[in-house]
Amino acid sequence: MSQPPAGSANPLPLKDRMKIPRQSMPEQPAQERIFNFFEVNRGYSEELARQEARRCLECAKPTCMDNCPVGVKVREFVQSIVAGDFRGAAAIIRQDNVLPAITGRVCPQEDHCEAACKLHKKGESLGIGYLERFVADYEQRMGIRHVPTAAATGRKVAIVGSGPAGLSAAGDLVQKGHRVCVFEALHELGGVLVYGIPEFRLPKQIIREQLDYMRAMGVEFETDVVVGRTVTIDELIEEEGYDAVFIATGAGSPLFLGIPGEHLNGVYSANEFLTRINLMHAWQFPAYDQPMVDLHGKDLAVIGGGNTALDAIRSALRLGARKAYVLYRRSEAEMPARAEEVKHARQEGIEFHMLTGPLEFLPDEKGWLGAARCVRMALGEPDASGRRRPQPIAGSEFDVPLSVAVIAVGTSANPVIQSTTPGLDTDNRGYIAADPATQRTSRRGVFAGGDIVTGSATVILAMGAGRRAAKSIHEYLCAGSW
Amino acid sequence: MFLILEAKSIAPGIRRFVIQAPRIARKQQPGQFVILRLYEHGERIPLTIESSDSAKGTISIVVQSVGKTTRLLNSLQAGDTILDVVGPLGKPSEIKNFGTVVVIGGGVGAAMAFPTAAALKRVGNTVISIIGARSREFVILERELSAVSDALTVTTDDGSYGEPGLVTGKLRQLLDQGTHIDLVLAVGPIPMMKAVADLTRAQRIPTIVSLNPIMIDGTGMCGGCRVLVGGKSRFACVDGPEFDAHQVDFDVLLQRNSIYRGQERESLAEFEHDPEAQIELVRTGSAEACVLAGGRS
Ligand SMILES: Cc1cc2nc3c(=O)[nH]c(=O)nc-3n(C[C@H](O)[C@H](O)[C@H](O)COP(=O)(O)OP(=O)(O)OC[C@H]3O[C@@H](n4cnc5c(N)ncnc54)[C@H](O)[C@@H]3O)c2cc1C
Ligand SMILES: Cc1cc2nc3c(=O)[nH]c(=O)nc-3n(C[C@H](O)[C@H](O)[C@H](O)COP(=O)(O)OP(=O)(O)OC[C@H]3O[C@@H](n4cnc5c(N)ncnc54)[C@H](O)[C@@H]3O)c2cc1C
Ligand code: SF4
Ligand code: SF4
Ligand code: FES
Chain H
1 MSQPPAGSAN PLPLKDRMKI PRQSMPEQPA QERIFNFFEV NRGYSEELAR QEARRCLECA
61 KPTCMDNCPV GVKVREFVQS IVAGDFRGAA AIIRQDNVLP AITGRVCPQE DHCEAACKLH
121 KKGESLGIGY LERFVADYEQ RMGIRHVPTA AATGRKVAIV GSGPAGLSAA GDLVQKGHRV
181 CVFEALHELG GVLVYGIPEF RLPKQIIREQ LDYMRAMGVE FETDVVVGRT VTIDELIEEE
241 GYDAVFIATG AGSPLFLGIP GEHLNGVYSA NEFLTRINLM HAWQFPAYDQ PMVDLHGKDL
301 AVIGGGNTAL DAIRSALRLG ARKAYVLYRR SEAEMPARAE EVKHARQEGI EFHMLTGPLE
361 FLPDEKGWLG AARCVRMALG EPDASGRRRP QPIAGSEFDV PLSVAVIAVG TSANPVIQST
421 TPGLDTDNRG YIAADPATQR TSRRGVFAGG DIVTGSATVI LAMGAGRRAA KSIHEYLCAG
481 SW
Chain D
1 MFLILEAKSI APGIRRFVIQ APRIARKQQP GQFVILRLYE HGERIPLTIE SSDSAKGTIS
61 IVVQSVGKTT RLLNSLQAGD TILDVVGPLG KPSEIKNFGT VVVIGGGVGA AMAFPTAAAL
121 KRVGNTVISI IGARSREFVI LERELSAVSD ALTVTTDDGS YGEPGLVTGK LRQLLDQGTH
181 IDLVLAVGPI PMMKAVADLT RAQRIPTIVS LNPIMIDGTG MCGGCRVLVG GKSRFACVDG
241 PEFDAHQVDF DVLLQRNSIY RGQERESLAE FEHDPEAQIE LVRTGSAEAC VLAGGRS
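These protein sequence lines map, in sequence, to chains H and D. Per this note's numbering, residue 1 is the first one in the first sequence, and the count goes up by one each step. Per this note's numbering, residue 1 is the first one in the second sequence, and the count goes up by one each step.
Chain D on its own, in the form it takes in the complex (with noise of 0.2 Å):
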């Protein structure tokens, strides 16, 4: 049983959690994630950790709404709890002094650089963020990443904010002016991960990306998270969830994240249909559950 100490909206649809976690805390390194279970008739989902309190044992999540899980837990408030958080897992990211590593965040990948860019920031890169979202009030640690940066520049698809377009828009820009880079980390939808890996390959710039297949356990036990990287099978939750931008088969794990669409779908619908009974179900299906686990603390 986790409790949620703090729980704010940071754009639509967006929330940031800060939950108690004093093992996962002390643990926490840039670039790993938790998984969690909402409630007893809950799915695991994995979340990166955006950032760790180990001092005061909290860790806190940057949350996007998509589908049934993530609308509920993104319906929490401070004082619930959430049934299973479990980590930290996944590889930590690789962090040393590259010399110019470019950051680029699309959407919620904004939150879940954030951690990498600042470690390597500490270290002595020197940092270059790009961070996407499709207008002004999506555009979500826009503060707390140009305080770890060199320059940051925001692009929006709208162009209500920043530079108009995409970040591959920018990237290419800085690409063409021929800005010395030696890393390039990548966090966002696949195919900006994609479109980001197609423009450094030809430069032979080494690009890493955080990928994001359907996880179960989160600990190499189902083997449902495999990517196929370099033509080989890796399970995503042990061997990454970072890999090699180049060596990746984008539209392998585009296609395994579609398998459950449809059943996806019947989820949320439900969950719109009557979102309080959904909400409920949490708040005392996960009081009760705790009973069932032996009062777990």
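In isolation and in its complexed conformation, chain H is listed as follows (with noise of 0.2 Å):
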């Protein structure tokens, strides 16, 4: 039992790679990084990750598999790496992820893959996401790329929204054969990748190569297109001769609190706060136009507890907020961000205030905001989520300082393309109702997938759908029927 599987590149007995501990992911330090916006983790070395992959059991049942979106082949990818063969490693790993750069640096491993890991029910699970990470810059350090082509099929695709459902559902359709053009709103592609997760976690110029990449694969791409109000579904179909439509516009509109004081100058939805700083370069102000407000020196607050909000947070920091708390109305168990990024956020001197939630803003002198009137919470019966239902208690209210508020409780369906598609069915939320196996809408020719279909949710789970939806476009496009 504990010898390596017959014809393992790994020598080491099984009972010896337990004894290996987890690799840890060299950081730069919070004293820092505080300080800029450079990426946290700078990644493993090519001994570190030949490391880290030595402790991999090759289970005969890779659970780890199963429980990714995509069913990446971990285990047959980290062999390769054990094996010193980073390139084939690569390669593995694109049959069934085509952003690994992205995943490795975003995905919620906990949630997925390690979480399944059978090392993490002895200890810690393999670092798998970091290890798809070094793969991928591997491979972009090392500039040799095997460009697919494929035999042109004469037929043609539109991708609405260029974020991870799109840009992987573009992938799989141009390796098709067919003709394949995304519209993306904005003038930047890559969607919440670009516009929402700061440089920090993910540096603009790893979505950029993947961009050039599949400009190189054929993909095509018009920016500043609103679908809906530039072109209609309908106009693409009928006049542009579009045979498909795959629809990937996320989640996109802020919800608010509905809490007086939302108005104050001082608060903002967490999409302005990081589309300012992020796609528009607020933090660059004056060398970019698009103006933020000065954050030095001023106390700050986040309203949530998902990857959104430390976002803000943290990126306020590095803004030189003073006093930058996180306020969440359940308890720290409930938080929906990644683990990495709240263990990040403490060590850089973030404020948790668990089961606090606002019940209004108040004014300074001057009209902006001076403070958030918060009450203490208690834990009830569970919700509808299953998680267990915050409760104000009575007589707890209390004041917090601040200059600057930001809400990240969410987001709800963008309705322009629902309301200018005639036909297309959505659910009682106002997203696109589509078939999870197949993506199709009840519109012939017209998919959908992501978070317009799911609500906000994940990058590997957006990309899954793009890739469901590839496949059935491919197999609609082939067979002609619906």
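What the hints contain is simulated information worked out from the structure, not anything from laboratory work. A few of these clues could be false.
[As the list claims (entries may be wrong)] DSSO-like, lysine-lysine: derived pairs with alpha carbons at most 27 Å apart: (1) D/K194 to D/K96; (2) H/K176 to H/K471; (3) D/K232 to H/K366; (4) D/K194 to H/K366; (5) D/K232 to D/K194; (6) H/K73 to H/K176; (7) D/K27 to H/K156; (8) H/K73 to H/K471; (9) H/K176 to H/K19.
Put the two chains together into one complex; each comes in its own frame, and the hints tell you how they fit.
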């Protein structure tokens, strides 16, 4: 049992593999990184990667793979790393995942592949995300990448939205020989990857490289097109000759709390706050023209407990905030953010106030935000999401002095496409209704996937939906019947 | 990359541009706007589409210089390009036969109100237009508006042309004379729109204003353009920009539009320090960006 599996590149007996500790990720020290936007994680060296890869038990039933939403062949690629064949490892990942440099960085691995890793039960799971990232970065550094080509089918597919769902569908479809054009409302491609997730977690250069690769494969891109306004789905099909359309427009529209004072200057949605910083480079003002409020020496809070909330507050810290709080109405166990982000945020000195909910934003003497009136919460019975419902504790109100508050309590469906596409069914929350297996909508030739179908989820789930859509679009185009 | 075909000064600090944008030209309806970004380092600003020609694939905008971006834009000439233009955005104006409509345009608001006034006239309304300006040389679109109006009054603050005083003075006069009015449309500076709303509220004359909050994406994604209407938060870029004037909280809008005053001054000072260098950056910066963006046509 303890012997390595036959033919394994790893000579270590299994029990010795289990003695190797999980290799930690080299990080930029917290005290340095709070002054810059450079990436926090620096990536494994070749040596660290091979050492980490040697921990893998090469399970006969690799549960890690079953728990990856796109089925990355974890065991196989990890063995290629052990053997020192990093490019081979990249090729294995790419069969299932077109954006490994991105997922390796932002997947909530503790909920997916790593949660199901056999090593998890015995101690610490394999650093699958770190290894995936290592392999993708290695391949990028070496600069040699095979660009697949396919015979042209003469069919045209329009993809609406350039987030992870749209990009992964585009990558798969172009490899089948279809002409693919991605339409994007904003001036930059990448969706949440560019306007939401900050540079210190996902450098924009990585997305740019990915897009260059897709262009080399033949994917066309048109920015500044708001489908539904600039051109409708029906016009794409009837007038521009697209044979199929994949809608991947994301969840998009920010929710507010609906409490008094939300219009005060200094109260932002996380989308606006992060868009100003990431997409519009407001942190480089005045070299870039888009302004944002000066955060130096200011006290600031984010309301919410997801990745968005942590991205906003950690950005604020880097822009000079004096105190940076997370106010979350449930307890830490319920926080949806990636575990690594919570850890990094704590290292950076972000203060977490759990079981705290805002009731009202109060103005200062100039009429700007001055404080948030909050109330303490207790957890009651589980709600529809299965998490225990927070209940305000009467008489526990208190004020937190603040200059800026960022609201990160989720998003809702942006209705632009739904309201301009007759016959496109939506669910009761306004998200597009699509078959979970085929991503087909109620309209012939129209598919949808990612956050616009599920509500806000994750990068890898959106990519999984993109892949399923690509597969069923291809089948539809080949069969010609719906 | 969007080509400027024509650029012409129509008043001090106000220019009219004709821009090649076939997709937008085909879809534009009165009341809608575009968001543009001049160059890689530029901000995104909204501008109303003054008219469009779907056959030629062009749209026109009328731009008043107020801060850095509009000053930069107004320094561009025919043959120059704008990196990004996206639209048409916002809900179109409601166009139907209301009866008698008073269209009020203050300053550059005259150009913003023009396409709606023309459409209202086409469907049979009696259109009474009032346009206001600081003084004679700032009066814009008088000829175009008068061609679609049954009556047109120009007011100037200094009395150098038309009737002396404010647009609201003329409106009050119409109301005092007992003119039957079914709808008022007011587009212009926030204090002007607020004053119009106050005048018509008492007589319950339905009044529409086109709001101008600070925007970024213009697609409903950021929530920065939220305005308080009837006590509820609405996104002006998707729910508007036109709203029932009697429901709008103009004070909140005025306050929110002042958020970046300090930074706006800094930007403008930097522009004024060396306008030529900034204009050059737009010209070269957009060429480089075209390559980066993959040579979009
Ligand atoms: C700040 C933040 C941090 C996050 N962190 C993580 C993380 O660490 N890990 C993780 O797994 N997930 C994370 N998520 C969630 C993840 O980013 C999303 O689930 C994922 O991006 C959804 O992908 P998508 O392709 O469905 O949509 P999006 O990424 O939202 O992309 C949709 C694109 O469509 C465009 N679009 C919208 N409407 C139109 C239209 N009418 N016409 C043309 N284009 C249109 C949008 O501009 C956008 O570019 C985070 C989200 C946010 C906001
Ligand atoms: C729907 C809509 C339609 C508009 N149509 C026209 C038009 O047809 N012609 C015209 O001349 N102007 C129009 N405006 C106003 C125009 O957008 C602003 O004058 C311009 O953004 C100012 O930018 P700046 O850099 O030159 O000035 P800045 O110095 O940056 O700002 C001056 C003032 O303009 C406003 N402003 C600043 N940034 C923005 C922004 N991103 N979005 C909106 N307002 C901003 C603020 O109130 C600010 O105090 C419109 C605004 C809206 C919302
Ligand atoms: S794509 Fe995400 S879930 Fe799948 S193996 Fe990679 S890191 Fe794990
Ligand atoms: S479950 Fe863990 S140990 Fe087993 S093959 Fe997958 S990564 Fe390796
Ligand atoms: S401008 Fe961003 S939501 Fe309106």
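Here is how each hint holds up against the structure:
A distance of roughly 25 Å separates the Cα atoms of D/K194 and D/K96; the hinted pair therefore holds under the 27 Å criterion. Of the pairs offered as hints, the one joining H/K176 and H/K471 holds, with about 10 Å between alpha carbons and a cut-off of 27 Å not exceeded. Between D/K232 and H/K366, the direct Cα distance comes to roughly 23 Å. Compliance with the 27 Å bound is thereby established for this hinted pair. Distance restraint check for D/K194 and H/K366: the Cα-Cα separation of roughly 22 Å lies within the 27 Å cut-off, and the hinted pair is therefore satisfied.
Taken as a hint, the D/K232 and D/K194 pair is honoured in the structure, with Cα atoms around 18 Å apart against an allowance of 27 Å. For the hint pairing H/K73 with H/K176, the CA-to-CA distance comes to about 22 Å; that is within 27 Å, so the pair holds. A distance of roughly 23 Å separates the Cα atoms of D/K27 and H/K156; the hinted pair therefore holds under the 27 Å criterion. A hinted pair counts as satisfied when its Cα atoms are at most 27 Å apart, and H/K73 with H/K471 qualifies at roughly 19 Å.
Restraint check: the Cα-Cα separation between H/K176 and H/K19 comes to about 45 Å, which exceeds 27 Å; the hinted pair is violated.
Of the hints listed earlier, the one the structure fails to meet is number 9.
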